[in-house]
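Just need the whole structure built from these sequences, with the hints factored in.
Its first residue numbered 4, the sequence shown is counted upward by one per residue in this note's numbering.
Just so you know, these hints were derived from the structure itself, not from any lab. Remember, predicted model here, so these are calculated numbers, not experimental data. Cβ coordinates follow ideal geometry from the N, Cα and C atoms, glycine included. Some hints could be false.
[Said to hold, decoys possible] With beta-carbon atoms standing in for the labels, derived distance ranges: (1) I6 - L40: 31 to 37 Å; (2) E38 - S59: 28 to 34 Å; (3) S59 - M19: 18 to 24 Å; (4) V53 - I6: 16 to 22 Å; (5) A21 - A62: 23 to 29 Å.
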Amino acid sequence: MEIRIVKIILMIVLGMSAISCNFLIVMSGKKYIGEVLNMVEQIMKEQMEVFIVRISNSAN
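In structure tokens form, the structure reads like this:
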């Protein structure tokens, strides 16, 4: 049980760091900051939905 929790935490941390890396790459490549922020917000929402599904699946 504890191992599952650690795996979930690691997935979240890795997901967040991957998002922030993509965010920085896109920021340096584009001038439209608002567009980039919307994109990052959408990615974050999708990531969180995936994590919630994974957590609920592992709980069952």
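Structure-based check of all given hints:
1. I6 - L40: 31 to 37 Å: holds, 36 Å
2. E38 - S59: 28 to 34 Å: Holds, since E38 and S59 (Cβ atoms, about 32 Å apart) stay within the stated range.
3. S59 - M19: 18 to 24 Å: holds, 20 Å
4. V53 - I6: 16 to 22 Å: 20 Å Cβ-Cβ, so the 16 to 22 Å window holds.
5. A21 - A62: 23 to 29 Å: Between A21 and A62, where Cβ atoms are some 24 Å apart, the hint holds.
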